[in-house]
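Given only the sequences and the hints, what does the whole structure look like? Please build it.
Chains as they are written, first to last, in full-length UniProt numbering: chain A, 1 to 218; chain B, 1 to 257.
No lab work stands behind these hints, which were simulated from the structure alone.
Where is the CB? At the ideal position from N, CA and C, for every residue including glycine.
There's no promise every hint is true.
Once the Cα atoms are required to be at most 25 Å apart in a straight line, the calculated SDA-like pairs of lysine to any residue come out as [what the hints assert, rightly or not]:
1) B:68 <-> A:80
2) A:150 <-> B:248
3) B:68 <-> A:44
4) B:122 <-> B:58
Residues on chain A that point at chain B, a partial pick, calculated with CB under 7 Å [to be verified]:
5) 42
6) 61
7) 62
8) 65
9) 68
10) 69
11) 95
12) 151
13) 153
14) 155
15) 164
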Amino acid sequence: MTQERPTKERRLHPLAVRIMHWINAAAMMVMITSGWGIYNDDVIIHGLHFPGYLRLGEWAAWSVNWHFAGMWFFGINGLIYLTYGFATGRLRERLLPIRPRDIVKTVIDTLHFKIAHEDLTVYNAVQKLLYIVAILASINQALTGLALWKPVQFSSLVSLFGGFQSVRVFHFAGMVVIVGFVIVHVALAVLVPKTIWAMLAGGPRLQSPKPSRGLSKS
Amino acid sequence: MKSPFRPNDAPDASVLDVHRPLIRSLERRGLLRGGLTLGSLVMLTGCDVKRPEAVEAALLAISNLNDKVQALLFDPNKLAPTYPDSMILRPPKFNAYYDVTDVKPVNGATWKLELSGLVQDKRPWTLTDLQALPQSSIVIKHICVEGWSYIGGWTGVPLRTFLERTGADLRAKYVAFKTADNYPSSIDMAAALHPQTLLALQYGGQQLADPFGFPIRLRTAVKLGYKNPKWITAIEVTNTYPGGFWESKGFPWFAGM
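Structure follows, in structure tokens:
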């Protein structure tokens, strides 16, 4: 039996989070680019086609196969992430609370080019909001994806979104939100490269004690 | 240290010479353009980009696994949503691997439906024979793998009724179809026995028109559009995987909804 040290070292990004982050990054790229390959055969926005160099899969059949392979990685990894995030309290610790005046303050600061990033362990209000939007959009993708994949077996899910063609629009809109998030997320990460290093190596040690039940392993 | 993933015996170097022209052509055009794509960026995460056929094999293996998962998810008693007659699109949407002007009409007077495989009574059927069987009507959504959909109204012989009448082995795995337009197709037995799977003879209360599969076509509410062969000329009940037209080009076989 190993003795648990009283002040157990916590990193900003525990190993489990880092692994899930990079699996998700790859899975999302697969889902987005293969989705564009499927989209092209029956476009939702008239005139919008995704060029070949952006599409995964030589043609629609292979884009479909990529999509239906990637979905397992995206779905299972996402499910484990959310379970982990709720069970360890990480999601609450990192993403809550969000106060409207903090959002306003962050936006004003950003417009004045005051982007505080000395302390990676504290997310600003806009950051928190973006991560929550990305999580909600991902849940939307999983649910609408399930409805598109099995519109008869999950016909009630289809009606919830207002019919098959409407599910497609929700699925497309979710993709747009996620692509928007990825662009901002990657741009800011590149601007502050130590955030990328943190997601690889674990990042700074956390000072504050764990907010809820155990399970923290770094 | 030697990687545990590297094979003990290196491949014969002569394969390089055999594939030299291919390698050169790949180097020339593929690398620069391909290297810039997001798709290849994705593949850098672990797949061997030098052997795309290995990637294809992996994708097909997952696709086969997905077919099994889909069979497990399939509830034989779950009915697809149906719609009022007023919503039927007239005429239906034409779709095939060729243009509507290339449709070769089938002569209903000389047409016969052949039977083979695990069926007791293999006597061929005429259109009149089929019209004499009990008919059923469904107004269901046709969903294409491409994304488009429309509501259609179909009348015909439930495939289950037909299989029972001919003494087909209902425990067999597959029901396969041959068609006049050379579009082989096949579905699993569970889908074949589903109440919303018809050998359709009519659309919107009228005899099927030539572009939509006269004299008979398959219409099932539990499969994507490409699993609904038109101008059927033969049905086989079998335990040997029969494949299909788009399936042989990479699309998933089960394609269940």
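Report task. Classify the hint on residue 164 (chain A) as holds or violated, based on whether any CB of chain B lies nearer than 7 Å to its CB. Result -> holds, 5 Å
Report task. Compare the distance between the alpha carbons of residue 68 (chain B) and residue 44 (chain A) with 25 Å, and conclude whether the hinted pair is satisfied. Result -> Outside the cut-off at roughly 31 Å; violated.
Requested in this report: Take the C-alpha atoms of residue 122 (chain B) and residue 58 (chain B), compute the straight-line distance between them, and say whether it is at most 25 Å.
Outcome: violated, 40 Å
Query - Evaluation of the interface hint that places residue 95 (chain A) against chain B, nearest CB under 7 Å - result: violated, 27 Å
Query raised in the report: Was the hint right that residue 151 (chain A) lines chain B, CB cutoff 7 Å?
Result: holds, 5 Å
Query raised in the report: Does residue 155 (chain A) meet its interface restraint, that is, does its C-beta lie within less than 7 Å of any C-beta in chain B?
Result: Holds, about 5 Å.
Report task. Please work out if residue 68 (chain B) and residue 80 (chain A) have their alpha carbons no farther apart than 25 Å. Result -> holds, 23 Å
Report task. Classify the hint on residue 61 (chain A) as holds or violated, based on whether any CB of chain B lies nearer than 7 Å to its CB. Result -> holds, 4 Å
Report task. Double-check residue 69 (chain A) for me: the hint is only fine if its C-beta lies closer than 7 Å to a C-beta in chain B. Result -> Holds. Min distance 4 Å.
Query raised in the report: When the nearest CB of chain B is found for residue 62 (chain A), is that gap smaller than 7 Å?
Result: holds, 6 Å
Query raised in the report: With 7 Å as the cut and Cβ atoms as the points, is residue 65 (chain A) at the interface with chain B?
Result: With a minimum Cβ separation of about 4 Å from chain B (threshold 7 Å), the hint on residue 65 (chain A) holds.
**Report entry** Satisfaction of the residue 42 (chain A) interface hint, Cβ to chain B closer than 7 Å
**Finding:** holds, 4 Å
Checked against the numbered hints given earlier, this structure breaks hints 3, 4 and 11; the rest are met.
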